[in-house]
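Put chain H on the given structure of chain G with help from the hints.
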Amino acid sequence: MGFSGNIDELKKTILAGAIGFAAGALIMMLYGYDPISAYQALFNGAFGDLYGFSESLANATPLILTALTFAIGFRGGMFNIGAEGQLYLGALAAVTVSLFHLPSATSFALSLIFAVFAGAIWSLPVAILKATRGVHEVISTIMLNWISQFLAFYLIARILVDPLRAEKTISIAEGVRFPLLVPGTSLSYAIFVSLIAAIIVYLLLWRTVTGFDIRVMGHNPLAATYAGIEKWKIILFVFITGGLTAGLAGAVHVMGRPPTYAIYSGMPSIRGLGFEGLAVAMIGRNHPIGIIIAAIFFGGLLAGGRMMQLFAQVPLEMVRVVEGIVVLFLAIPELIRLFSFLRKIRTPLIFRSKRSSDEDRRRS
Amino acid sequence: MCRRILFVLIAVALVFGIVLSSVAQDKGSVGVVLDVGGRGDLSFNDMGFKGTDKAAADFGLKMVEIQSASAADYLPNVRNAARSGSLDLIISVGFLLTDAVKTVAGEYPNQKFMIIDSVVDAPNVMSIVFKEHEGSALVGALAAMVAAHYGYPNVGAVLGIEIPVLYHFEAGYRFGIDWGNKAYAQKTGTDPKTGLLYTYTGTFSDIAKGKGATEAMLAQGAGLVYNIAGPLGIGDLQAITEAIKAKGKKAGPPFMIGVDANQDWMGDGHRVLASMLKRVDNACYNAVEAVIKGTFKGGLVVMGLDVQGVAISKEPELLAFMEFGIGSGKIGEDDKAEIVANWKSMRAQIPSWIWDAVDDLEKQIISGQISVPNANTLDEMKAVRSKYPLTK
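Residue numbers (the working numbering), protein chains in the order written: chain G, 1 to 364; chain H, 1 to 392.
Hints in this document: simulated from the structure, not taken from any laboratory.
Note that the structure is a prediction, hence the values are computed from the model and not measured.
Warning: the hint list may mix true and false statements.
[Unchecked claim] Facing chain H, according to a computed beta carbon distance under 8 Å, are these residues of chain G, among others:
#: 1; residue: Ala23
#: 2; residue: Pro163
#: 3; residue: Ser186
#: 4; residue: Pro268
Using N, Cα and C, we set each Cβ at its ideal position, and we do this for glycine too.
So that you can see chain G by itself, here it is in the shape it has in the complex (with noise of 0.2 Å):
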């Protein structure tokens, strides 16, 4: 890609952003909101003071995690979508751990060993059926995010249930939470593992042999089998990583999230993460450096959002409508690069095993 060319995709990406904003401003006029004193607000809230910025960083912490699952699939040339399902059972996994009131270093750490383990293993199954019977991740992703909902609805309402507050699992144990990084917000020491994650990332597709197979696979999947490359070891690589990611993402929240520390019945403060890690990445261009000004541009966005309702009394409807428009214009230029990609290659959709006719073929 070079550096050159990042920069332009850099610019088409800002300019994405500044017609997305002012295509919320339009709909915030035209429903009688202040767009201005909205967007103060907006980036007030976001960045303009350290603890706004605090915030943004709190919001982006899973996030950044979740959009790296996706790329590293994207970057092999694959939809991995299961981020969703494996980070509810990270997050279970992690509390999980504090149900056996273990002294709080090895909490600490088995929780973020059990997480990442369980984020892999909800991964494993998409990675086989596609490396051996050819099924489309999307497919089987998104059953699977389905199975691990009702599953982590049944852990959470019968088996990790609080006895005194059966709205919720018992907490993270006290010492096995991520520290406060600034007091009086919700920013935890929990960033610097995601940040160190996106480098780790980095590092793996640009620095590695491993890293290069996978995007040679991603860019060309013909050519890398032609090179030697086998196409199943990348599959369960780059699902493998995936899914530590997504449950490193899960575990990362619950652990390091105040005020609860602990899962809702029903989910609602983890629901949605692995689908947000989805836009982060496109709008980060599937690039991890990206994914990190994505993922606490992202965060911004929630936080100013708040400062929305708060101060220029934008609905929070509205507020919504705003955020959705801003990311879907910033994720076009990403959509524009996976289409004509897909188009170029002529990637079926299934891809079949080994015909007779495809011997035919080769021979002619």
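Coordinates of chain H only, in the frame set by chain G:
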């Protein structure tokens, strides 16, 4: 030419918007932080809003409303409100906001807070709780007797997230059904042994789940379904309306029992038999009034049957709450007369001795003769469930 018109329109809109937003800022303000599910539930949240709005209008205050998109927003929303420093009172509507209010009340000891349905022990927090179990006992008794009268074997309850507040409803409802069964046995000589079908849907915002749960209960012979999940009542009513239409009728049975607000007007006035009123609006109004008059005190306020904090719906409230429906566009001004007429005929169909029995129960609860069981933890709820199993 077109572009010029467009520019003019945008300029006009911009000016309009700026003018609208520069309203006089020198009034006091009260902030309302709403739960997930937010406005439009025609019950819990809407009542919180209604009471605060009336107080703001009566006392000349500005009202700022903050809805929570997800549980992760509770703490930032309450904290942002406190940080702004411009709100005389921050009202948090709902039990799920407890942790957020507890944390922020500690960070801002000079900010006044009020929380509904929960107890936060801090000098700057007024905690208002209700005796939902008393009100639910009344509707439980009504439900059991009415179901027996029409020959239905069961009554239902659709609940939301399994939080301790909802245990109050379930415990009182069970007691009421049992009491109703006994009262019916006393009057007619046969114990109908009306059973209870209940489910916790795990949500206060997914209306479709309410509809699904109600359909399942109606299929098992429920004659009345008590909505204990705020906005899910809209879904419950859809299921009941469809069941009624399938019989080729317009009016129940089966009936719904509304909650929090008077929902009797929903369903054209003849599909919701009664509502268990929880006067969240009065609670909010009283809190704002206390701040204005300088009598605000942190601490616990309990609102029960005796102070009309909870009640079973009667005619005066029906008329007042129909304004809700008109305001949200669900019914028109001209429908009012028809709805009241339907409601009266619906209630007239129930034998008067049943209504008298419910009034009698109310008197006995207020006087202390009868003590309705309550539950705050899972263990306590299990104990009430085993005392009143109500299974067939």
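Structure-based check of all given hints:
no.: 1; hint: Ala23; result: violated, 13 Å
no.: 2; hint: Pro163; result: holds, 6 Å
no.: 3; hint: Ser186; result: holds, 6 Å
no.: 4; hint: Pro268; result: holds, 4 Å
Checked against the numbered hints given earlier, the structure breaks only hint 1 and satisfies all the rest.
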